[in-house]
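Since chain H is already given, all that's left is putting chain X on it; use the hints.
Listed below, chain by chain, are the residues.
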Amino acid sequence: MKIPFKYIVRNLGTRKLTTGITVLGVALVVFVFAAVLMMAYGVQKTLVATGSDENVLIARKAANGEISSIIDRVTADIIMTLPNIAKTPDGKPLASGEPVVIINLEKIGAGGVSNVTVRGVSPQAFSLRPQVKLKAGRMFKTGARELVAGTAIESRFAGAKIGDAVRFAGDNWTVVGTFDSDGSGFDSEMWGDANQLLDAFNRNSFSTLTIRLERPDAFPEFAAAFEKDQRLQQFEAKIERRFFEEQSEMMAGFIRILGIFVTVIFSAGATIGATITMYAAVANRTVEVGTLRALGFRRRSVLAAFLTESLVLSLVGGFVGLFFASFLQLFSISTLNFGSFSELAFSFALSPSIVISSLLFAVAMGLIGGFLPSVRAARLNIVSALRSS
Amino acid sequence: MDSIIQVQAVSKSYWRDSFEIPVLNNVSFEIPAGEYLALMGPSGSGKTTLLNLIAGIDRPDKGQISVAGTNIGSLSESQLAKWRSTHVGFIFQFYNLIPVLTAYENVELPLLLTSLSKKERRQHVEAALTVVGLQDRMQHYPKQLSGGQEQRVAIARAIATDPTILVADEPTGDLDKNSADEILKLLERLNTEFHKTIVMVTHDPRAAEKARVVRHLDKGEFKRS
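Residue numbers (our numbering), protein chains in the order written: chain H, 1 to 389; chain X, 1 to 225.
Excised from the complex, chain H in its bound form (with noise of 0.2 Å):
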């Protein structure tokens, strides 16, 4: 039979100070390690968001991202006679040839300086893309030298805002409009004419061809009919969708790996704190587990008491970590990606699978903390324990 539950929870009310010591340590690591999670998830979701299931990407086969892709016009114009991409009322394809390109502006606030990525759109990227909408100023004009912003880049970067002028490729492009993409990564770029970015950069060729299907289960038959062009053997087409999350793996897998190693070593002090916190609780209670034992409790039942006390404790602070953790979801922050070398603009981003991972962490350090006093409890002898009153 089980020491009751009440017991247990009683007596870390009446320590309130070790055990709120011992929660804090917990819930910090929890923070931590949560945040480091919500980081990563906040990238891949970003990037994820930017790709649609009914577009296309075709990128260089060798290509690590878009701007180390290229694709003449030529191939271009031969992917847009394959079947199944949509047509516009014209009857045009529905694609849009995209030099991508990386320049540099100031920070504001943060000095120095940091890689934005201009991306050079055909007029049916945005049909291409519903999600970005002009919030403010106007659409670039065909032909001249302007841009539109992403609200990401016009928040964080000087010279960024409408009406100021952009220095590169050896002219000045002026800003005269924002745009939203409901915070996918097109919200850290800064988009024009393509045919006035290719001008500029004296370039022939695209970075990427983006097309739009005509139905959104149609990528199996465009892609044979891609792959069985023999003139696009250099060329890989993926869901536009699947391009960006896999752009995303490896950012977010950084973030990951590096977060968790800092925070299992932070964790490693927590996890101590629980040992000190169970180890006092057991010295301090020594006749009552005595007596418990005494009364007929099994050393079975004093060690899942004392354990499940440590469970409880580190539970609580994972509660604590996780509550505090949520309120990062409130901020977004930029880094370098390393898929495209410029910002990007994500926010923190919670998930079902986070709250679990984060929980079990916690849970991992109050097992691992609460085990040896758990254990010294369930082994003490009775005659000594209550001979300690």
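Check each hint, because a few of them may be wrong.
[Unchecked claim] Derived lysine to aspartate or glutamate pairs resembling EDC-like cross-links, with alpha carbons at most 20 Å apart:
#1 Lys82(X) <-> Asp162(X)
#2 Lys185(X) <-> Asp218(X)
#3 Lys2(H) <-> Glu77(X)
#4 Lys2(H) <-> Glu120(X)
#5 Lys61(H) <-> Glu236(H)
#6 Lys185(X) <-> Glu170(X)
Hints are computed from structural coordinates only; laboratory data are not their basis.
Since the structure is predicted, the reported quantities are computational estimates derived from the model, not experimental observations.
Frame of chain H, contents of chain X only:
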């Protein structure tokens, strides 16, 4: 009268560093059912050790102890725990109540080891607390009770499971005279009215007076009385 406790040639030593300290030396005696026995003797005479052995919280080095027909030395650790929960009621000098549990919950504690339902447990707890006269203090925590009241709660806990024997280690050792008298009356009543077999270790001659039989231990052996 049939004996309920049989102690046969029991010896027990403790080790301190590398020194063996003999505590009980070939002790044999029997306690009939319904007896109220007081064990007396100077400190270190082995009376508490003998009580612990009878209560099954310690094991003899040699010899055999049977309680109600069970050779308790043959029981495994967990069998012994279960045996204690049904056969032994403990009364300690310092009451040993669990401070975070109310009087009711303290008395209910040994009942949690039985198969009784919650309702049946309630009946047992209320009956036990009524016997000790604390039915109106059920929801009080130990710190809200006087020493005498705490010991009465401890006695209620000891009798709640209706055990075969009650073992009391200096039950009045921490109490003032009036409280001690109350506890001794209560123990006497448990013996006469409820026919409980009681083995009590005491230094207090007034406590021993209340017992029906007094045995004196000295240097691990019974003195001839």
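Going down the list of hints, with the structure as the test:
| no. | hint | verdict |
| --- | --- | --- |
| 1 | Lys82(X) <-> Asp162(X) | 14 Å, holds |
| 2 | Lys185(X) <-> Asp218(X) | 27 Å, violated |
| 3 | Lys2(H) <-> Glu77(X) | 17 Å, holds |
| 4 | Lys2(H) <-> Glu120(X) | 18 Å, holds |
| 5 | Lys61(H) <-> Glu236(H) | 5 Å, holds |
| 6 | Lys185(X) <-> Glu170(X) | 15 Å, holds |
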